[in-house]
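Chains A and B, in that order, give the protein sequences. Note that numbering that gives the first Met the number 0 numbers the first sequence so that position 73 is 72, with each residue one more than the last. Note that numbering that gives the first Met the number 0 numbers the second sequence so that position 58 is 57, with each residue one more than the last.
Heads up, none of these hints are tricks.
Under the rule of at most 25 Å between Cα atoms (straight-line distance), these lysine to any residue pairs were calculated in the SDA-like manner:
1. Lys69/B with Gly60/A
2. Lys25/A with Gly112/B
3. Lys69/A with Glu35/A
4. Lys69/B with Trp117/B
5. Lys57/B with Glu121/A
6. Lys57/A with Gly90/B
7. Lys69/A with Arg114/B
8. Lys25/B with Ser119/A
9. Lys25/B with Gly112/A
10. Lys69/B with Arg91/A
11. Lys69/A with Glu36/B
12. Lys25/A with Val111/B
13. Lys69/A with Glu93/B
14. Lys69/B with Pro96/A
15. Lys69/B with Gly112/A
16. Lys57/B with Pro4/B
17. Lys69/B with Phe102/B
18. Lys69/A with Thr3/B
19. Lys25/A with Thr131/A
20. Lys25/A with Leu65/A
21. Lys69/A with Ala5/B
22. Lys25/A with Ile71/A
Computed from the model, here is a short list of chain B residues facing chain A with C-beta under 10 Å:
23. Phe102
24. Phe123
25. Gly124
Which stretches of chain B does chain A cover? Using the computed rule of at least three CB atoms under 8 Å from a CB of chain A, they are:
26. 60-67
27. 80-89
28. 92-100
29. 107-114
It should be emphasised that the hints constitute simulated quantities derived from the structure, not laboratory data. Built from N, CA and C at the ideal position, the CB exists for glycine as well.
Number of protein chains: 2
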Amino acid sequence: MSLTPARKFKSSRQRDLILQILRSTKSHPSAAWIFEEARKHLPSISLGTVYRNLAMLKEEGRIRELSVGKGIGLFDGDLRNHDHIRCLVCGRVEDVPPSAQSFSYSQVEGAVGYRVHWHSLEYFGVCPGCETAAANE
Amino acid sequence: MSLTPARKFKSSRQRDLILQILRSTKSHPSAAWIFEEARKHLPSISLGTVYRNLAMLKEEGRIRELSVGKGIGLFDGDLRNHDHIRCLVCGRVEDVPPSAQSFSYSQVEGAVGYRVHWHSLEYFGVCPGCETAAANE
DNA sequence: CCATAAATTAATAACGATTATTATTTTTGA
DNA sequence: TCAAAAATAATAATCGTTATTAATTTATGG
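Generate the whole structure from the sequences, applying the supplied hints.
Dropping the structure here:
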């Protein structure tokens with residue numbers, strides 16, 4: 000998954016906390032949200048530290064960053080194979096069970112000449128709450 | 000594809016030019032690149048105008064914005080169904096013929112309760128050029 | 001256990017992409 | 001042709017993220 004050889008990081012209280020926060024939510028939080036959560040336990044933590052540690056955790060493969068949409072970065076502590084869906088109205092992101100179909104990387108490799116490492120499948124739609132809200136307008 | 004009723008836009012030389020530029024390239028350019036191209040024909044055009052018109056064209060469904068990665072916005076004048084692959088080394092984005100498999104929206108709708116409008120499938124890998132460069136290190 | 005070197009931190013400045021503002025110009029249609 | 005509405009260029013402002021730096025924390029080897 001990583002293209003560069005693994006670096007070894009010195010552990011820190013801050014990084015442990017960030018990982019714990021990410022693992023304890025089913026949501027897909029932004030750096031800002033994680034920062035707010037982290038301050039509750041470590042009031043002196045700074046936002047830059049959150050960003051830096053998220054990048055490190057990602058590099059280690061202990062978390063993932065969503066590739067949904069082009070907006071702000073969202074992170075995911077769940078490493079199990081799954082897809083995502085984003086609500087076009089409120090922006091909420093939720094997990095989708097992985098599609099049953101197998102993606103033929105070799106077929107794509109044949110078509111475009113790239114070596115394929117992974118893929119990302121995302122759905123866009125309207126969540127139940129926003130659907131209801133739209134109906135009651 | 001759009002959730003709000005269609006707005007009617009007043010036409011403009013600038014918007015026509017931007018659409019023409021997007022349709023005449025197979026690449027997936029950024030607003031900044033389109034801006035540079037546009038100045039060649041309309042030296043007084045401003046970057047804000049490019050951004051605004053890209054948003055309008057997108058709203059009209061005449062262009063698409065890629066959902067690949069979280070970085071800068073990339074646009075696509077090709078409305079035909081296709082997927083994308085991004086090079087993890089150089090960032091280049093290329094078209095991939097659409098996967099043969101049919102995605103079961105109703106299955107996803109059943110699983111998460113959303114109404115699904117569309118999906119996006121992206122591959123990540125290493126392009127031939129970067130693969131060769133890595134081999135010669 | 002202590003000393004040293006190296007990595008990490010908090011604070012904050014800087015950055016880059018995008019959006020908002022506003023006075024002026026262009027387009028539309030009666 | 002004329003007035004109203006929308007689009008433009010120029011530029012300021014915003015926002016998410018990254019870079020800088022002096023101080024602190026962590027790893028380790030004696």
